[in-house]
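Peer 1: Note that the protein sequences, when read in sequence, are chains A and B. Quick note: the first sequence uses the working numbering, first residue 1, plus one each step. Quick note: the second sequence uses the working numbering, first residue 500, plus one each step.
No lab work stands behind these hints: they were computed from the structure. Take these hints with a grain of salt, some might be off.
BS3-like cross-link-like pairs, simulated, lysine-lysine; straight-line CA separation at most 27 angstroms [claimed, not checked]:
#, chain 1, residue 1, chain 2, residue 2
1, A, LYS235, A, LYS207
2, A, LYS67, B, LYS884
3, A, LYS207, A, LYS190
4, A, LYS410, B, LYS884
5, A, LYS235, A, LYS166
6, A, LYS235, A, LYS190
7, A, LYS67, A, LYS166
8, A, LYS67, A, LYS89
9, B, LYS799, A, LYS16
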Amino acid sequence: MIRAADDELTIYERSKAGRRAFAPPALDVPERPLDELLPSALRRSEPPRLPEVSEPEIVRHFNRLSKRNFDLDTGFYPLGSCTMKHNPKLHERIAALPGHAKLHPLQDPSRAQGALELMWRLQEALSEIAGLPHVSLQPSAGSHGELAGVLLTRAFHENRGEHRTKVLTPDTAHGTNPATVTMAGYEVVKVGSDAHGNVDLDDLRAKADEDVACLMLTNPSTLGLFETGIEEVAKIVHGVGATLYYDGANLNAIMGICRPGDMGFDIVHFNLHKSFTQPHGGGGPGSGPIAVSDRIEPYLPRPQVVRRERSENGATPYYDLEYDRPKSIGRLRGFQGNYGVFVRSYAYIRSLGAPGLREVSEVAVLNANYLLARLRREGVLEYLPAAHERLCMHEFVLSGAPMKRELQIKTLDLAKRLLDYGVHPPTVYFPLIVDEALLIEPTETETKETLDRFAEIIAEILREAREDPELARNAPYTTPVRRLDEAAAARNPVVRQPL
Amino acid sequence: MTRYTSVTDADLREMLAEIGVQSIEDLFEEIPAQLRLARPLALDHGLAEQEVFEELRALAQRNVSTDDEVSFLGAGMYDHYVPALIDSIILRSEFLTPYTPYQPEISQGGLQAMFEYQTAISELTGLPVSNASVYEGPSAVGAAGYVAKLDNGRGRFVVSRGVHPHSRETLRTLSHGWGIEVVEAPLSEGVTELPALDHSVSAVIIQQPNFLGVVEDLEPLARTAHDAGALLICACDPLPLALLRSPGECGVDIAVGEGQTLGNRLDFGGPSFGFFAATQALMRRVPGRIAGETRDVDGKRGFVLTLQTREQHIRRERATSNICTSQALNALAGVIYLSWLGRRGIVELVELMIQRTAYARERLAGIEGVEPLLEQPVVREFAVKLDAPVERVIARCREHGVNPGYALGTDYPEFSDCLLVAITERRTRADIDRLADALAAALAAERPEYAESGAQS
Numbered sequence: 001m002i003r004a005a006d007d008e009l010t011i012y013e014r015s016k017a018g019r020r021a022f023a024p025p026a027l028d029v030p031e032r033p034l035d036e037l038l039p040s041a042l043r044r045s046e047p048p049r050l051p052e053v054s055e056p057e058i059v060r061h062f063n064r065l066s067k068r069n070f071d072l073d074t075g076f077y078p079l080g081s082c083t084m085k086h087n088p089k090l091h092e093r094i095a096a097l098p099g100h101a102k103l104h105p106l107q108d109p110s111r112a113q114g115a116l117e118l119m120w121r122l123q124e125a126l127s128e129i130a131g132l133p134h135v136s137l138q139p140s141a142g143s144h145g146e147l148a149g150v151l152l153t154r155a156f157h158e159n160r161g162e163h164r165t166k167v168l169t170p171d172t173a174h175g176t177n178p179a180t181v182t183m184a185g186y187e188v189v190k191v192g193s194d195a196h197g198n199v200d201l202d203d204l205r206a207k208a209d210e211d212v213a214c215l216m217l218t219n220p221s222t223l224g225l226f227e228t229g230i231e232e233v234a235k236i237v238h239g240v241g242a243t244l245y246y247d248g249a250n251l252n253a254i255m256g257i258c259r260p261g262d263m264g265f266d267i268v269h270f271n272l273h274k275s276f277t278q279p280h281g282g283g284g285p286g287s288g289p290i291a292v293s294d295r296i297e298p299y300l301p302r303p304q305v306v307r308r309e310r311s312e313n314g315a316t317p318y319y320d321l322e323y324d325r326p327k328s329i330g331r332l333r334g335f336q337g338n339y340g341v342f343v344r345s346y347a348y349i350r351s352l353g354a355p356g357l358r359e360v361s362e363v364a365v366l367n368a369n370y371l372l373a374r375l376r377r378e379g380v381l382e383y384l385p386a387a388h389e390r391l392c393m394h395e396f397v398l399s400g401a402p403m404k405r406e407l408q409i410k411t412l413d414l415a416k417r418l419l420d421y422g423v424h425p426p427t428v429y430f431p432l433i434v435d436e437a438l439l440i441e442p443t444e445t446e447t448k449e450t451l452d453r454f455a456e457i458i459a460e461i462l463r464e465a466r467e468d469p470e471l472a473r474n475a476p477y478t479t480p481v482r483r484l485d486e487a488a489a490a491r492n493p494v495v496r497q498p499l
Numbered sequence: 500m501t502r503y504t505s506v507t508d509a510d511l512r513e514m515l516a517e518i519g520v521q522s523i524e525d526l527f528e529e530i531p532a533q534l535r536l537a538r539p540l541a542l543d544h545g546l547a548e549q550e551v552f553e554e555l556r557a558l559a560q561r562n563v564s565t566d567d568e569v570s571f572l573g574a575g576m577y578d579h580y581v582p583a584l585i586d587s588i589i590l591r592s593e594f595l596t597p598y599t600p601y602q603p604e605i606s607q608g609g610l611q612a613m614f615e616y617q618t619a620i621s622e623l624t625g626l627p628v629s630n631a632s633v634y635e636g637p638s639a640v641g642a643a644g645y646v647a648k649l650d651n652g653r654g655r656f657v658v659s660r661g662v663h664p665h666s667r668e669t670l671r672t673l674s675h676g677w678g679i680e681v682v683e684a685p686l687s688e689g690v691t692e693l694p695a696l697d698h699s700v701s702a703v704i705i706q707q708p709n710f711l712g713v714v715e716d717l718e719p720l721a722r723t724a725h726d727a728g729a730l731l732i733c734a735c736d737p738l739p740l741a742l743l744r745s746p747g748e749c750g751v752d753i754a755v756g757e758g759q760t761l762g763n764r765l766d767f768g769g770p771s772f773g774f775f776a777a778t779q780a781l782m783r784r785v786p787g788r789i790a791g792e793t794r795d796v797d798g799k800r801g802f803v804l805t806l807q808t809r810e811q812h813i814r815r816e817r818a819t820s821n822i823c824t825s826q827a828l829n830a831l832a833g834v835i836y837l838s839w840l841g842r843r844g845i846v847e848l849v850e851l852m853i854q855r856t857a858y859a860r861e862r863l864a865g866i867e868g869v870e871p872l873l874e875q876p877v878v879r880e881f882a883v884k885l886d887a888p889v890e891r892v893i894a895r896c897r898e899h900g901v902n903p904g905y906a907l908g909t910d911y912p913e914f915s916d917c918l919l920v921a922i923t924e925r926r927t928r929a930d931i932d933r934l935a936d937a938l939a940a941a942l943a944a945e946r947p948e949y950a951e952s953g954a955q956s
C-alpha cells in the first residue's frame, strides 16, 4: 500500500492488537467444549484479520471519510440520467419504525398485513403512473428490472412456441440495456438515431423482423428528447410480434403528463432511487419495479403481492403473497424485494399525490429548459452547443467538441474544474453518439438561483480557458485528492489491504 | 408548489420568458397530443408531512416485528443486534445521498470505505478479490453462476439441495436465459452428496452452513468439482466464517452470500447486500464495482473504481454483468459492523451463538414430541421434527408471543414435519426456555386433536 497521511489511514492501518468496540452479551448457558460442538477439522486456524479498533476510533474514522465525499445535501448534482433530486428526511424516520425495519421477511402474511398493504398500494400507484395494469416490485435496481423485462419477453415468446434471437437497442441506450440483452441470452442489434435525435425509423424497419424479440427504449431518450415517433415505433415493433420495453431511467420527465402504457409499451421498469427519492447511498440500494400489460402478466416473477377478499367475512381485504403462478419466470432474488425502498417511495407518492407528481415533471422540464436558455444567454452554447436544437425534457445534452477544438480543453477538463466550484459535474461522455458529451439533469428540486449560478460557473470556466487552458487541464485543485491515475489502478490492481 | 420544489410565480414568469414560451404546457408540445394524459392521475391527493407519518406508522403497527414477539425465524435473514453507531454513520448525508462515485476526487470517502469493505470480505472468505457489493444473497448465487458460464462455457450447474430455495430458484430463472440446465444434488444425512460429475458441469453450487443449518465439509466438494474441471461456488453465511475454515482455504472459486447479518436490519427482506469474492484467476470476470488503490498527480494515495472494462457502461453487450446500482450503503453498514465486532469480537459472537444454539438443540430435544432431525455440527440454526402439524404448532406458539421458526415443509416436502429454528445473540437462555415451554404446550395441546383427526381419515 502507498503510505498515507495520518488523517487518511484505512481502518486496518488504525488497528492495534487488543483494542475493541464490541462486548458480547454474557454466556448464560452451560459452556461446552467447542471441539464437541464444532470439530477442529472444520475450523479455521486463525480468525479473519478484521480491524481492532475502539468505538470512538470507528466513529471518527468514518466521519472523516464522510467529509471526503461530495453529496446531494451539500451541493448541486446535475448528473444526467440519474435524477439526483432531494431525498425527503421524513422517509428515513418512517423507514426506521420497528414495524417496518424489524419485520422478518418470512413473517406469516397474516402478521405482515401493513407491509403487504403498503406494497399493494405502491403497485397500484406505479401501475397508474405507467398506464399498465400489473406491477411486480421484486427487481432490486434498474438493470435488474431490465433483466426481468427481457426474461418476461423470452417467456412470452416461448409460450407461443417462438424462439427469437435478437433484441434491438438504440445507439443512445444506457450500457445496461445491451449488457442485459446478453445476460438474457439474446443478441444485441443496434438501431441508429436520425438527425433530430429520434430513433431512425427506416433503420428500425430494416432491422425489425420475426427474429426480434424486443425493442428496449428510453423515452425521453438519453438525449433528453421526447421520441416523437413513438407511436410509429410501437407499430413497427408490434407488427413483427416483438415486445416494446420502456427503460424508466427518465420517467421523471413525464409523470402525470403521459404514460408508457398509452404509448404502446408492454413492459416498464421504474428506478425508485431516481424518480421516487430513495437516497442513492453512493451506489445503492435501489429498487427497480416493473409494470406490464395483460399479455405479459402470467409470467411475472414469484411471489406476487395480491389483495384478496377474506372468504369468512367477505368485507375485509386480505393482502397475501401469491406463489401459485405456473407460468412465472420464477424468482429474481430472495424474499419480496427492497421493502425499505418501497416505504420511502410510497411515502413520497402519498406526500405529493396526483397534482404533486405532475408538478414534479413540469418543474423538472422547466428547470432543464431554463438552464439550457441561461447557458445560451451566457454564450456557453457557442463552445458547448446543444446536441439538438429542440425543446428538451428533464435533461439535455451539450457537445464539448467546439470547446476542445477552440479552447483546448476537453469535457473531462470542464468536469474536473467544476469540482473546484463545488458543483458535481454532469454525466460526461454519454450518450456515446455525441462527441465530448455532457448530459445535464438539474431536477425539479433545484431553485432558479442554483441554475443561474451553474450557468455563470460554466461561463466562468470557459473564460478561464480562453486565458489559460492549463487551469482546467490540471484541475481540480481544492479536492481531497487531485486527478487520479486510473490506468495504473487497472494495470496493477490493488483491491484489498495487504495485511 | 410541492414541499420539494421552489418555483414561485415570479420565478415561473421569468423562466418561461428566458426560454421563450408562454406556459409550461408549451414545453410539452413535442409529445403528440393524443398521448398526453387528459385527466389527473387517479391517485389520492397529497398529504402534509405529519399526515404521511401517521398513515405509514399505522401500516407499520399492523406488522408483528421482532420487537413484538420472541422470534426464532431465520432461513436466510436473521434478527441480529444492529449497533447504534451504524445508523449514526450511514445516515450522514455524505454517505446517504451521493451517487455512484463516478468522480473519484470528490468521492474518496465512499471509495475508501468500499476498499475497506472488500478487504473485510476477502478476509472472511479467504479469497483475494471482493467486489463492492451485489444486490443480495440469492441473486449473488445467480451472478456467480454467470461468471462460471463466462469462464468455461459449459452447459450445466449442479446445485446442492442444501442451498437456500430462493437461491436455487433465482439461479434457475437466470440460467434459463443463458440456456444452462440446473440439476440438483441431494442431501444425505444433512450434507451435500455430489453425484459423479462429467465435463458438462460448469459449476457446483453449495451453501455453508446449508439451509438446514449444517456445516458442510467444503474441501472434498471442491476436489470433486475441480476433478471434473468445474468451479465450486459457495453461498456463505458470513458470520460463521469467523470460525469455519474459509472457503478460499478449502478450494472454493467463488464465495457469495447474503450480507444482511452484517449490520443491516431485516426490512421485510431488503435492502441488504450480497457479497461476491473470487480467486485471482477470476478477477476480470467479477461483476459490479471494485474499488482499487492508486495515486493522484501529486503522488498522494487515493482510490478509484477500477477494472471498469468489465462493466456495462464501458463494455456494453460484452460486459461481465449488467449490474449498475447495487447496495453501497448496505455494504458500508457491513464494514462498519465488522469493524465494530473486530478480530476478537466476531469470534466471541459466533462462539456465543454456537453455545446457545447447542443449549437450544438439547433443550428442545428433551420435549415430548420433538426429535432432532440431524446431529451434525451447526452454528446458529437447526431443524427438529415435530409429532404434530408444524403450521398448527407455530400458530399455537404465536399465541404465546413466540415465533418458533420456519416450517421446512414450505420448501422441502420431505421435511414437512420439521421446524427450522434460528438462535441469534438476541435470543437469551430465558427466550430459549420460553420457546421450549411454548413448544411443549403447543405439542401437548395438539396431541389428542391430532390423534382424533388421524383416526377419522
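Peer 1: Does each hint hold? Answer for all of them.
Peer 2: Cross-check of the supplied hints:
1. A:LYS235 / A:LYS207: Holds, because 14 angstroms separates the two Cα atoms, which is no more than 27 angstroms.
2. A:LYS67 / B:LYS884: 54 angstroms, violated
3. A:LYS207 / A:LYS190: 9 angstroms, holds
4. A:LYS410 / B:LYS884: 69 angstroms, violated
5. A:LYS235 / A:LYS166: Between LYS235 (chain A) and LYS166 (chain A) the Cα gap is close to 18 angstroms, so the pair holds against 27 angstroms.
6. A:LYS235 / A:LYS190: Measuring from Cα to Cα gives roughly 18 angstroms; hence the hint holds.
7. A:LYS67 / A:LYS166: 47 angstroms, violated
8. A:LYS67 / A:LYS89: 20 angstroms, holds
9. B:LYS799 / A:LYS16: 24 angstroms, holds
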